[in-house]
Amino acid sequence: MAEPIRRVAGTFLRGAVLLAVAAVVVIPIGYAVLGGFRDAPQLAADPVGLPDPWVWTNYTESLASPSFWTQLRNSALVAGISTVIVVLFAALAAFVLARRQFPGRELAYTVFTLGLLFPATVAILPLLILVRDLGLLDNPLGLALPEAAFGLPLTIIILRPFFKSIPKELEDAAAIDGCGSLGFFVRILLPLSRPALVTVAVLAIVASWNQFLLPLVMLSDPDNWTLPLGVTNFSTQYTTDTARILAYTTLALIPALAFYVVAERQLVGGLTAGSVKG
Amino acid sequence: MAIAVGSRSRFSRNLRAWGGAGLFMLPALALYAVFVLFPIVQAARFSLFDWNGLKALDHFVGPANFGRAQADPVFLGAVGHNLFIVVMSLAIQIPFALGLALLLNRNFRGRAILRLIFFAPYVIAEVITAIVWSLILQPNGLADHFLTTFGLEGAYSPWLADRGTVLIALFFIITWKYFGFHMILLLAGLQNIPREVEDAAAIDGASRWQAIRYVTLPLLGPTLRVSVFLSIIGSIQLFDLVWVTTRGGPVNASNTMAVYMFDRGFVRFQFGFGSAVAVILFLLCFVLALAYQRWVMRRDLEGATTYG
Chain S
1 MAEPIRRVAG
11 TFLRGAVLLA
21 VAAVVVIPIG
31 YAVLGGFRDA
41 PQLAADPVGL
51 PDPWVWTNYT
61 ESLASPSFWT
71 QLRNSALVAG
81 ISTVIVVLFA
91 ALAAFVLARR
101 QFPGRELAYT
111 VFTLGLLFPA
121 TVAILPLLIL
131 VRDLGLLDNP
141 LGLALPEAAF
151 GLPLTIIILR
161 PFFKSIPKEL
171 EDAAAIDGCG
181 SLGFFVRILL
191 PLSRPALVTV
201 AVLAIVASWN
211 QFLLPLVMLS
221 DPDNWTLPLG
231 VTNFSTQYTT
241 DTARILAYTT
251 LALIPALAFY
261 VVAERQLVGG
271 LTAGSVKG
Chain H
1 MAIAVGSRSR
11 FSRNLRAWGG
21 AGLFMLPALA
31 LYAVFVLFPI
41 VQAARFSLFD
51 WNGLKALDHF
61 VGPANFGRAQ
71 ADPVFLGAVG
81 HNLFIVVMSL
91 AIQIPFALGL
101 ALLLNRNFRG
111 RAILRLIFFA
121 PYVIAEVITA
131 IVWSLILQPN
141 GLADHFLTTF
151 GLEGAYSPWL
161 ADRGTVLIAL
171 FFIITWKYFG
181 FHMILLLAGL
191 QNIPREVEDA
201 AAIDGASRWQ
211 AIRYVTLPLL
221 GPTLRVSVFL
231 SIIGSIQLFD
241 LVWVTTRGGP
251 VNASNTMAVY
261 MFDRGFVRFQ
271 FGFGSAVAVI
281 LFLLCFVLAL
291 AYQRWVMRRD
301 LEGATTYG
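Each protein sequence line maps, in turn, to chains S and H.
Note that my numbering has the first sequence beginning at 1, numbered continuously upward.
Note that my numbering has the second sequence beginning at 1, numbered continuously upward.
Each hint should be verified, as a subset may be incorrect.
Among the chain S residues that face chain H by a calculated CB cut under 10 Å, a handful are [unchecked claim]: (1) Ala22; (2) Leu63; (3) Leu114; (4) Val122; (5) Asn210; (6) Phe234; (7) Leu253; (8) Phe259; (9) Tyr260.
In short, the hints are calculated from the structure, not lab data.
Given the structure is predicted, the values throughout are model-derived calculations rather than measurements.
Glycine included, C-beta positions come from ideal geometry on N, C-alpha and C.
Chain S extracted, bound-state conformation:
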């Protein structure tokens, strides 16, 4: 008699804990979304309540402002360039690191993996000098190149075992049919590795989309700002108008969350493959 009761109590407790945690995660996001539909006096009077009346101007004004769209476009441009570069370069390197024998191979791999320890934060001062000397300040490439470079370690670590697992026989067969290294890489390896490539691309897009320190240092002209910079600036510009900040922040948040819902499997798959196995 005691056992079923304990089991029911256990299930109930587990459900209660999980729901409570889910609430703590969801409430801030809901607060931002709904808060954007209120106005500052409403928010001050009662931080919890639903919009009453619903105020649309915070959202419509943000959507009508050209700077929001400029920042969205800049973020997408930088994320696109850096993702293409990091995936292409890392795939080329991971190919020989996985499938060719040459002296110093493991050393080269180790040097790449060490980069995992050092996000751009540590090198940000010399990076600014370097990008300045290259004449790439206030240029999408000034962000995309360092982002791609710092993304190489994780991308190579995820791609290498995947490339390794593709049977040697396939490569031999391709060689008999007159396929050289590059032909095998382009026509067989890359198409077969699509799931892994999608995964690393998703990781690269998220990393670039959320990057804050690099744009903070490299961009001064507001026409070049990415969303994280625009949002921070907006929030300091309208400190008193909480509702307006929430609306703008929500709009900046939507692309990331939408992307997450679509690409959750790849994102989770990539992160866990990268850390659980090695």
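Based on the hints, put chain H in the right spot on chain S.
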């Protein structure tokens, strides 16, 4: 003679192998050398100069910048704050993530949606997390309102604006953003453990807790260590969240090493000194990674090299 011929042909074979591999590695190596390795070397060089980043790099001061950092109570405070976040993450955030992973590691309705929700904050930019949470934690904001609802009016605090609570508040925000990431890692690790092992423990009379303590956790060791490692490295590098919420304030109470470095380098134009701080940050990560690999992760690596 024979040896000379043999080594010569091996050398030319190596050369050909390098040539072929080198062509494929060249783009990645070049990008990595220019934007990752070179700046780190540059930081080490700049750290020996008194330099504002603009004029000529000619005022060599040797290790003076390091002496200055090590004597600055603000810097030492920042190191302490990083340490506080590291310890709190290991003591609270990881066990919390582990607990949730254990709860989620079985089949029940709604599991997929819960996983989706818990992991969502990981994709939200730190900047956006920081802005929304500073609004929630502002006086008379959402957080205080909840405390009132639960009858905890006495617990009011200006949270991010109070020296006593700012680090706790930051840690709470960090946990909100990152527990899902660790939970996902640990959940993947749990799912790699064959069900039969736990069943066998149950047949041998182990209680659920004993099975977790003596069977599941040891088998989860490698994943747990990766999680701990990533948590430590992340806590040491902490910047975005702090910069947007407090800029290291009030009165340096939430300074981290990265915020201190950014402030000295970019706000006060002490590039040489800021670089010295960056080098310290770098060395700390490096030593930590080596030590961790050597003492804690060695067993995992041995397993990895033996079995494939």
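Holds or violated: Phe259 (chain S) as interface residue toward chain H, Cβ cutoff 10 Å? Status holds, d = 7 Å.
Once the shortest beta carbon distance from Ala22 (chain S) to chain H is found, is it less than 10 Å? holds (5 Å)
Answer holds if the nearest beta-carbon of chain H is closer than 10 Å to that of Leu63 (chain S); otherwise answer violated. violated (17 Å)
Any CB of chain H closer than 10 Å to the CB of Phe234 (chain S)? holds (9 Å)
When the nearest CB of chain H is found for Leu253 (chain S), is that gap smaller than 10 Å? It holds, given that the least Cβ distance between Leu253 (chain S) and chain H is near 6 Å, below 10 Å.
Holds or violated: Val122 (chain S) as interface residue toward chain H, Cβ cutoff 10 Å? holds (5 Å)
Under 10 Å, Cβ to Cβ, is where Leu114 (chain S) needs to be relative to chain H, so tell me if that hint holds or is violated. holds (8 Å)
Please check whether Tyr260 (chain S) passes as an interface residue: C-beta within 10 Å of a C-beta belonging to chain H. holds (4 Å)
Would you settle whether the hint for Asn210 (chain S) is holds or violated, based on the nearest Cβ-Cβ distance to chain H being less than 10 Å? holds (4 Å)
Hint 2 from the earlier list is the only one contradicted by this structure; the remaining hints agree with it.
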